[in-house]
Amino acid sequence: MAFEYQIKYQAENTYEMSVSEAQWKFLIMPENKERQQLLSSEFYTSEPCHHYRGAGLFGFSSIMVSCDVPVKEITFTADYRVLREEENPFDFTEQPPADQFSALDSMAFKVEHMLFLYPTALTTLPAFSESEFEPDRKKSIFENLQDLNHWVRSKLHFKPNVTRVDSTLNDVLSGDGGVCQDFTHLFCAMARHHGIPARYVSGYLHQGQGFSGDMHMHAWVEAFIPGNGWKGFDPTNDLLCDHHHIKVCHGRDYQDCAPIRGVIFTSGRNETEYSVQVQAQQ
Amino acid sequence: MKIKSKHPIFSDYEKDPKLFDEIFDEEGKVKKIYKKLFEIYGNHSIEDFEALNKKAKASFFNQGITFQVYDEHQQKEKIFPFDLFPRIIHPDEWEIIEKGALQRSRALNLFLYDIYHDKKILKDGIVPMDLLASSKNYLHQMMNIDPPGGIYNHISGTDLIKHSDGKYYVLEDNIRCPSGVSYVICNRTALKRALFGVFDHYSTHTVTNYAENLLEIIESVKPQGVDQPNCVVLTPGMFNSAYYEHSYLAKAMGVQLVEGRDLYVDNNFVYMKTIRGPEKVDVIYRRVDDLFLDPFVFHPDSALGVPGLFSAYQHGNVNIVNAPGTGVADDKAVYTYMPEIIDYYLGEEPILNNVKTYRCGNPDELKYVLEHIPELVIKPVDEAGGYGISIGNRLSKKEIEAVKEQIKADPRKYIAQPILSLSVHATYIEDSGSFEQRHIDLRTFSLLGKDKEFVLKGGLTRVALQKGNLVVNSSQGGGSKDTWVLKKSK
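Residue numbers (our numbering), protein chains in the order written: chain A, 1 to 282; chain B, 1 to 490.
Keep in mind the hints are simulated off the structure, nothing from the lab.
Incorrect hints may appear among the rest.
Stated by the list, open to error - Covered stretches of chain B (in silico footprint by chain A; criterion: 3 or more residues with CB under 8 Å from a CB of chain A, positions within the stretch not fixed):
| hint | segment |
| --- | --- |
| 1 | 80 to 86 |
| 2 | 140 to 146 |
| 3 | 170 to 176 |
| 4 | 201 to 211 |
| 5 | 289 to 301 |
Heads up, the beta-carbon is just placed ideally off N, CA and C, and yes, glycines get one too.
Start from the sequences, fold in the hints, and give me the full structure.
Okay, structure coming up:
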């Protein structure tokens, strides 16, 4: 079975002073891959702009926009239709735990996944948390990662507007909550700390089920299980990823996946408001 | 007509027997290669020399051949002190330097390709993975990108010293944006102007062919499908310490000198804004650091770069020279693996020696370093320009303790080397009005292109102008000498 989703991404930028020569880069287009087909994609702006498809990191596509006239207010809208195959996260067979763990320890494996095994500024585990989660070598990696998912959920409450996109885990864990980026960074940091490759994923979550993160772009984790490959975990909701998760891109942390980046020359302040709608077609 | 001088030029030259003098042998006799030069200079009095020296200085200033020195409080514009007594390198000696420098450049290029693709050298355990993964110069954005022509370090600056054993040793490889080549050329011009006659007696290789070779090299790595590549030099602007050099190279190559704001990207092609409209750019010789190239990918608040440039590069529509991410290989901790790197990719013995280096990231070596600070030079692995260097035998007890704490706080950040005795060369010192021994080193410039290689036959001989000082970087108040590579006699 497959689900068809209609996704609308909208960003509204307002500038105190009018800006000229403004440019933006969006990383918001759903990935087109085996189990997730991008049926159509449209992008338009409220002011005269031109845009082209640029490269993102790790082979993902971005949208590059530049404005032809000075603007004080501009709205960007993207409409996507995606066909997502049903996915049962339990539908795979794992190797015995001993084999999995010895694979993690091999040099070739570590080098292969090096980019997703080392901490970045945003995924550096504070020393006080290092010992708070220990994998159980008798359990499989998948089971361990599910335990890690629960652990992250137990450490953090979902609480908007207390952290920022550049908050470190030290900041996050010293406060009392965070949003999906923070949950995802914490999961990645702990998995990497124990030698399990983990990457930051940015995407959309199908709304209407009361999950956190359905009005905005969402973030989750893909962790690598030796012998099986990358598997999705959604620590913000303490869930495994399935066909409700529509992936845009992955990277080492939020910095690689920021949905919008702008370069503007202005002396005034600016604000961005954005919204996301994900609807399933019947 | 000969002027009988009242005050011969080398009359006050003091020879310290502990130092390796490039001009005088152990018995105090002038070495063969310098004999003629010594004779010619001997015809002048020290007063003549002072007058010439003044003229040369004024000409540097008038031409704006200056650089900036940064410190905590201010920026100063200075001329690069120039010494009129040249350094001469024998053709046989040069052959070794040239081969050795090229060998290193080639090996580093293969190393860079490997660590941004399959990472075989890490999988084989030759270079530890930690070393790269923890380096802030290892750019994951460069993963699996194939630079046009397969070249990363088009321009390499190799720093060499001559030790008291008479052999050359490599101090470091500079493969980000090595600077200094414009001084090599200016020094030659200045010396010719001041003392034209001396060139009649020596058959010296030219250095003014650098720019034409650089242009050929960067044209050779043009993007696919481009016939006549349009090349530019990208500078951070006139406040950069090496702005003179950027403008010199652009002028000498006959290409445009641009700043980030002169370029823009559309549909993954790079264009230059000109009064005749947009002009496509194919190869960018950039003198802007990696992290400032494209605010969409690196530092988001940098205005020096071009938004979208990296995407154009990923599409293969423009080439960036040197490639982004080369800095990981001129990290001084990677330097310590150069013999292994040369062997791994080329199956060759290193032609030029490395200086024995202790990696503080390794616990045993760290222990040794902490116990032997007074005999060692301590260097941060990722700083250029001689910043942050501590020379052990110059430190007070208190300073030694401070250095130890500094190392212990972040061992991976430091390497240590034995204090080498750099060779000395006769250098005119204004304060004393006489020639004195000063320590020197040598920076060579090698170029790698698609099916083309070039080493500038000459180089920047840098002089530590303070007596006994071993740090020769221009940013630390060093001077320079014209460097002659002699042609082989037929």
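Within the assertion that chain A covers the segment 201 to 211 of chain B, do at least three residues meet a Cβ-to-Cβ distance smaller than 8 Å?
violated (count 0)
Apply the coverage criterion to the segment 140 to 146 of chain B and chain A: a residue qualifies when its Cβ sits closer than 8 Å to a Cβ of the chain, and three qualifying residues are needed.
holds (count 3)
Under 8 Å between beta-carbons, do enough residues of the segment 289 to 301 of chain B, three at least, approach chain A for the coverage claim to hold?
holds (count 4)
Can you take a look at whether the segment 80 to 86 of chain B is actually covered by chain A? Rule is 3+ residues, C-beta closer than 8 Å.
violated (count 0)
How does the segment 170 to 176 of chain B fare against chain A when you require at least three residues with a CB closer than 8 Å, holds or violated?
With 0 residues close enough to chain A, the hint is violated.
Checked against the numbered hints above, the structure breaks hints 1, 3 and 4 and satisfies the rest.
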